[in-house]
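Anchor point for the sequence shown: position 433 equals 436 in the numbering used here, and the numbering is continuous, going up by one each time.
Some hints here could point you the wrong way.
Calculated cross-link-like contacts (lysine to any residue; reagent style SDA-like; alpha-carbon spacing at most 25 Å) [unchecked claim]:
no., residue 1, residue 2
1, K407, L372
2, K195, I182
3, K550, P563
4, K60, L633
5, K60, V627
6, K60, H313
7, K203, L285
8, K124, S210
9, K8, G45
10, K569, R68
Pairwise CB distance ranges, derived in the manner of DEER restraints [claimed, not checked]:
no., residue 1, residue 2, range
11, Q498, D96, 23 to 31 Å
12, D176, Q254, 37 to 45 Å
13, P508, A200, 55 to 63 Å
To be clear, the hints were calculated from the coordinates, so they are not data collected in a lab. Note that the Cβ used here is the ideal one computed from N, Cα and C, for glycine as well.
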Amino acid sequence: MGSEKAYYITTPIYYVNSSPHIGSTLTTLAADMLARYQRMQGRKVWFLTGTDENAIKVHRAAQERGVPTQQFVDELATEFQQAWKTMHIEYDDFIRTTEPRHVRVVQEFFRRMQENGDIYKGIYEGWYCVSDETFFAPSDVGEDRLCPNAECRRPLQWVQEEDYFFRLSAYGDRLLRYIDEHPDWLEPEFRKNEVIAFIKQGLRDQSVTRANPGWGIPVPGEPDKVIYVWFDALINYVSATGWPDDMERYQQLWPAVHLMGKEIFVRFHATLWPAMLMSVGLPVPERIFGHGWWTIGGEKGSKSKGNLPHPVQLAKDIAAWSGAEFDIAVDAERYLLIREMQFGLDSEFSEESFRKRYNSDLANDLGNLLNRTLNMVWRYAEGRVPQPLEHNAELAQLAEDIDKGIAEEVYRFRLNGVLEQIWRMVSRLNKYLDEQAPWSLYRNGEVERAQGVLYDVLEGIRLCALWLAPTMPVATARIWEQLGIGTQPVQANWQAESAWGRLQPGTSVQQPQPLFPRITEEALSVTTEKETEMEQSNLITIQDFQKLEIKIAEVKSAEPVPNTSKLLKLTVDIGGEERTLVAGIAETYSPQDVIGKQIVVLTNLQPATIRGVQSQGMLLAAEVDGKAILLTPEKPVPVGSKVR
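The task is simple: from the sequences and hints, build the whole structure.
The structure is reproduced here in structure tokens:
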């Protein structure tokens, strides 16, 4: 990589217990945008993302699907990689926590912290959330014994085991001092204040190992224990640098700029992780930024609720609504995700707001500006970039101001602010075109003046495409192509190309080809009709329904399926015959809750083996916030009664 220190930008590594969504996409897209911006500035850049594969809940998810855990994580890691490729995200490294290069470094961290006296053995006794992979002190837990995380609220497990602990409590003063001496280290400011308050209330030593469930990174010398997933996962930022084997590469990369969602900012990235680095004797991250969440109806969108769309599906929807090419729709989604998120704060997601923003910003402001200007160039200048009449000091000054504004917004991680800066020029160009009315100038014989106006607008569009390139790499390449520029803006040198007046007169432009067709009510209604047709294609006949044998059954016995958190093995009486069922209801019901209960069972389902137990039917349940609620008759009925 050379001796120059690289701009090292990271996302958190993502749990592989489900598919990507626009929450994880936002963080990855923001990192991609920053990486592209820094590359255009001439800096060496290293952009890291990846997947967190050692969590116990990932292991359990694989078990519940009946597939080997390594196969399970391989499949989902590939899905993340493919999604990022489709979304025009170009990372330099994709790290997986099951890779040997990561395992070695995690164990080396553990050894060095142990040698330094910062890791000691003790008894952990307290509450543990399997879903969040998080320990909670008794003082943090209410009488309901549910996870304090409002997004989770699943039952906690009481854990008592011999573990290793990290002396996090010893690092509170040192962390506070570092924060005070480096005011820009944690962003945004109000979230930094949350970190300070968290540290000042007193840090507790952190349990950093668990009993080995058959998955995870073993503790050096103690294979019956694995390293706690958060301790393991955070180290990925260093294990990707080659430390400690390739110190030259490490020194060119570290420290890094970290981006993540706010839920893992205060406790993990801004407290636990820098303390771990201090313990090992490594520099803390260069800067750490925590962004807000997408909300749906005022509540956090999440993978558990399933209310955040898959990024590729959203791009397909945008293409269907608008008629835009798919790659242009991907760039439109990139723009909309960045533009609609108030970085640092929570922001509401809705398809309707995305459609409105698409039409106002992309179809109207930028797309229509490009189309009408190119049409006039063909009409009034024979399809060639005309000569400027004179240096346009006003637009040149605006361009200089915007360039400085973008740099400031990037430094503060206000990426929506970057787009707001660019739209200052887009808006001014639209107004300038209307004010100068080159069509009227041409009709009045002021041809040179009309052509000078067109040059100014073309040059402004060129700059807008340059500035937008980190966000919309494909669409901006098309814009420069239509302007007759042979290179892609994302590959250009920002400083060289950001000067006003770089567009060469005499360059042949292309006939306008609309990049961002408007989303119309008619097009939307056609799309809705197609979706309705697809939904109707799933309709079944009464004869299909009559094939189903659904009966009332009584639960005779129930027990957990070993090594799972969601499955119960039930023995049920369906009327003169007992059946075994495996049901994913353990997060809602204990075995004692269901014994003696009447339930509804589909009895003529093909038997299936789940976790080594043959399930001879399927109980019916409603799903509320991701949890199963059993269907039961209003009053007791004879066992074996048919449901019609």
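Each hint, compared with the structure:
Pair hint K407 plus L372 holds up; C-alpha atoms about 24 Å apart against a cutoff of 25 Å. For the given pair, K195 sits about 8 Å from I182 by alpha-carbon distance, which is consistent with the 25 Å threshold. A hinted pair counts as satisfied when its Cα atoms are at most 25 Å apart, and K550 with P563 does not qualify at roughly 31 Å. Straight-line distance between C-alpha atoms of K60 and L633 comes to about 24 Å, which keeps the hinted pair within the 25 Å bound.
Among the hinted pairs, K60 with V627 is consistent with the structure: their alpha-carbon atoms are about 20 Å apart, no more than 25 Å. For the proposed pair K60 and H313, the alpha carbon gap of about 21 Å is at most 25 Å, so the pair holds. Taking the CA atoms of K203 and L285, the gap is near 24 Å; set against the 25 Å cutoff, the hint holds. Pair hint K124 plus S210 holds up; C-alpha atoms about 9 Å apart against a cutoff of 25 Å.
Taking the CA atoms of K8 and G45, the gap is near 12 Å; set against the 25 Å cutoff, the hint holds. Distance restraint check for K569 and R68: the Cα-Cα separation of roughly 11 Å lies within the 25 Å cut-off, and the hinted pair is therefore satisfied. At roughly 27 Å, the beta-carbon separation of Q498 and D96 lies within the given 23 to 31 Å, and the hint holds. In this structure the supplied range 37 to 45 Å is violated for D176 paired with Q254, their Cβ-Cβ distance being about 28 Å.
A beta carbon spacing of about 59 Å between P508 and A200 agrees with the range 55 to 63 Å that was offered as a hint.
Consistency note: the structure conflicts with the earlier hints numbered 3, 12.
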